[in-house]
Structure formats: structure tokens, C-alpha cells
Amino acid sequence: MKSTTNSAFAKDVLESKKTVLLDVWAPWCAPCRGMEPTLNTISEETKDWAEIVKVDASVEEDLVQQLGVSGLPTFLVFKGGQMVGSSVGAASKTKLLDLMSK
Numbered sequence: 001m002k003s004t005t006n007s008a009f010a011k012d013v014l015e016s017k018k019t020v021l022l023d024v025w026a027p028w029c030a031p032c033r034g035m036e037p038t039l040n041t042i043s044e045e046t047k048d049w050a051e052i053v054k055v056d057a058s059v060e061e062d063l064v065q066q067l068g069v070s071g072l073p074t075f076l077v078f079k080g081g082q083m084v085g086s087s088v089g090a091a092s093k094t095k096l097l098d099l100m101s102k
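Just so we're aligned: the sequence shown equals residues 1 to 102 in my numbering.
In case anyone wonders, no lab produced these hints; they're calculated from the structure. Don't take each hint at face value.
To be verified - Pairwise CB distance ranges (calculated):
| no. | residue 1 | residue 2 | range |
| --- | --- | --- | --- |
| 1 | Ala90 | Ser7 | 25 to 31 Å |
| 2 | Met83 | Ser43 | 18 to 24 Å |
| 3 | Ala30 | Lys79 | 25 to 31 Å |
| 4 | Glu36 | Asp98 | 17 to 23 Å |
| 5 | Trp28 | Gly81 | 29 to 35 Å |
Glycine included, each C-beta is placed from N, C-alpha and C at the ideal position.
Sequences are here, hints too, so could you generate the full structure?
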């Protein structure tokens, strides 16, 4: 998993050849921290066709606002530079994989 910034977002997410699961999180968000083991598992299982990119909402406030994020954690799925799915709040591995597979 890697982190992105407002300035690197286009390169890291929109221009990626893989499906991207964007994890919008913050260090003070307990449910966000609780998702870490699930995200690590998903990252390993999908490494051939997808990647997980993280955005720290407490640092990248402008990017979070541009994305329309209102709750944490928020998961956004991008394919070919387009957002194709989203989920707000802690989510199961199955739910996130389903979201990424659409």
C-alpha cells in the first residue's frame, strides 16, 4: 500500500493501469485503524490486478473535499481514471472485494 497527496493523486490513482481502492482515513479514526489488517490482506490477494492507495484526511483536506468525502473511513474505487464505486464506514473484506470487482 502506498500513500498519495493532492499533487500526486492524478499519477497514483487516475493514471493507474490497475484498479485502485482509495482508502481515505485519519490517524485519530479508530475504525480506520481497525481496517488495516483487512486492507493488508486485500492488498496481498489483489496485487496482480489492483492496488490500495491511502489518503490521510487530516493532511490532505483539499483532496478529501474535492472527492466529496464526508465520513471516515471512506473507500473509493477507481478504474481507468473514473470513480466506479464507494463505501463509507468500516467494511468487510467481502464487501470491499465485491466493490473492486465491479
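Which of the numbered hints above does this structure break? none
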